[in-house]
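**Q** Read off the chains here:
Number of protein chains: 2
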Amino acid sequence: MKTHILAASIALAGTSLAWATTEEPIKPILAAKVTDPALVELGKKLFFDPRLSKSGFISCNSCHNLSMGGTDNLKTSIGHQWNQGPINAPTVLNSSLSLAQFWDGRAKDLQAQAGGPIDNPGEMGSTHGLAVAVLQSMPAYVADFRKSFGQDKINIEQVTKAIAAFEETLVTPNSRFDLWLKGDQKALSGKELAGYKLFKDSGCVACHNGPAVGGNSYQKMGVVAPYQASSPAEGRFAVTRKEADRFNFKVPTLRNVELTYPYFHDGAVNTLREAVDTMGRIQLGKKFTSEENASIVAFLKTLTGDQPDFKLPALPPSSETTPKPQPFAKK
Amino acid sequence: MKTHILAASIALAGTSLAWATTEEPIKPILAAKVTDPALVELGKKLFFDPRLSKSGFISCNSCHNLSMGGTDNLKTSIGHQWNQGPINAPTVLNSSLSLAQFWDGRAKDLQAQAGGPIDNPGEMGSTHGLAVAVLQSMPAYVADFRKSFGQDKINIEQVTKAIAAFEETLVTPNSRFDLWLKGDQKALSGKELAGYKLFKDSGCVACHNGPAVGGNSYQKMGVVAPYQASSPAEGRFAVTRKEADRFNFKVPTLRNVELTYPYFHDGAVNTLREAVDTMGRIQLGKKFTSEENASIVAFLKTLTGDQPDFKLPALPPSSETTPKPQPFAKK
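Chains A and B, in that order, give the protein sequences.
The first sequence begins at 1 in this note's numbering and counts up one residue at a time.
The second sequence begins at 1 in this note's numbering and counts up one residue at a time.
Rather than coming from a laboratory, the hints here were simulated on the basis of the structure.
A quick note: this is a predicted structure, and the numbers were derived from the prediction, not measured.
Incorrect hints may have been included.
Capping the alpha-carbon separation at 27 Å, the derived lysine-lysine pairs in DSSO-like fashion look like this [what the hints assert, rightly or not]:
| no. | chain 1 | residue 1 | chain 2 | residue 2 |
| --- | --- | --- | --- | --- |
| 1 | B | 311 | A | 45 |
| 2 | A | 45 | B | 45 |
| 3 | A | 147 | B | 147 |
| 4 | B | 33 | A | 311 |
| 5 | B | 147 | A | 301 |
| 6 | A | 33 | B | 33 |
| 7 | A | 27 | A | 200 |
| 8 | A | 324 | B | 301 |
Just need the whole structure built from these sequences, with the hints factored in.
**A** Structure below.
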């Protein structure tokens, strides 16, 4: 009610821009507000540092590649010693807008997530203790941590806090869709607008809404028809152990979806065309015509926003005491 | 002779700066002159694009990581399906200054080198045909190639030419040593200068000279005493099949050597201290004292120059026709 009154009064003041924004189920992405630039810079280095892995080869950026929409564009990820991961790597872009992290929401926030891959034997293959020892051995990192945390002794909470602080900056404002939301009528073509209308009218928007166009609820994969997944993942059930949560997954963000192929938690589908077709069939019981499908895909491509825009970080060299990478050691 | 006259006349004009530069066996690194910025930008994208590999996971930057001195800081590299490479990955930084590429000089220049890892089954695991087909499937890449080469049909020569053009920009001027060479007397400490004098007086400079402090000759590994390598590599012999070239390797650049550990073609040595000790023993028949060793190491650390300084490139998305990565396909 409050929102309606506010929107109405703004509209009365002649600001159609604010009206559109308030009424649409998708909201614009706001630019990141950096409150602690030193911590963000430290987190950026950590994000790109493969020495957080046992092999010295895999960094956060390996599977959440910031040159490729924050994903690896693989069906399932490659981990330590070429382990085949069980699930599709979600994009790190706009992940701060999600209600929780991982497809099953088992991490409550980005900091809780960041520790997961480091000590997962099939991902980065290290341990929190080893990762901290690696960082602690490098004077330049110790100086960075001291600057941010006021002490010389590094711990894993500091590491994950810094990575999360960097990841919080990885939002992608200024997509063409957001320009349209903010009142630029020319930002979208007729086909794209028709696709957006269909996206709303068909019910896609029931789950894919908010600033991230998703990421804010768990939903069953296969509401109307079953989904034959190629992944063994059980979704939210793995966390809650409630039967009702079996095969419920966090709704993925559709921001930058043009860049984050392949799609679904098992990465089974390569194109937006197929993804829209499958979603229509198994979630909505709807068969989109080729034309309808194409217009929805055209709309989805307007959700690509500003990609990460920063200089490649230079990492400090290892010291004589840095534990050595062990890429080929037996497990 | 001409050089001497020039240097003398400049010295007479009171420019001690130019005098020092001319007389020293190590020359400053010059900043890169970019004549074709569009080609360099294209090459940068290609350098960071893991889709040039069969897995979609390994890019040039995986083993020549520009955040880590242009190397992977591993003993030997990790290739397709976690293949253990036979040799230490040389730094790509200042590689344009080398007389040839690879440890055995089998590629005459950067363009000839760039094609090697792409279709090496143990490195990127692709083929030139597949890599070109991947690029050809993406309209944004086709537009880039058209801009640089005036045609829509991409070929591998264009790909390697673009990568080489980018790599030619990866020079690292303005090291403290270069500032000293250019006349800044305060750029080096007494210990560092003593290390440089010892580096010259002991004979290190016989092979490690010129702007790259190496990279301009092949030399036998183990002149005075044999080197027990952990790698099967035979050096220049593999190219020439001349017995005299057996175990001759391209002298590595010492630019940024603080960042390019581990050392030697087999990556057997982790620290500059050990590397200086081994080189003294097997190449010069000399045992450096701890103090001498430390001063040479101090000098070597002054060779770290400006690291790559550019924004992380954003890569174009694959299209529906892009051949899919095959990370887990049987070989």
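**Q** Determine for every hint whether it applies to the structure shown.
**A** A quick look at each hint next to the structure:
1. B:311 to A:45: holds (14 Å)
2. A:45 to B:45: holds (21 Å)
3. A:147 to B:147: Violated - the C-alpha atoms of residue 147 of chain B and residue 147 of chain A are around 46 Å apart, more than 27 Å.
4. B:33 to A:311: holds (20 Å)
5. B:147 to A:301: holds (25 Å)
6. A:33 to B:33: violated (37 Å)
7. A:27 to A:200: holds (14 Å)
8. A:324 to B:301: Status holds; Cα separation ~21 Å.
The structure fails hints 3 and 6 (numbered hints given earlier, in ascending order).
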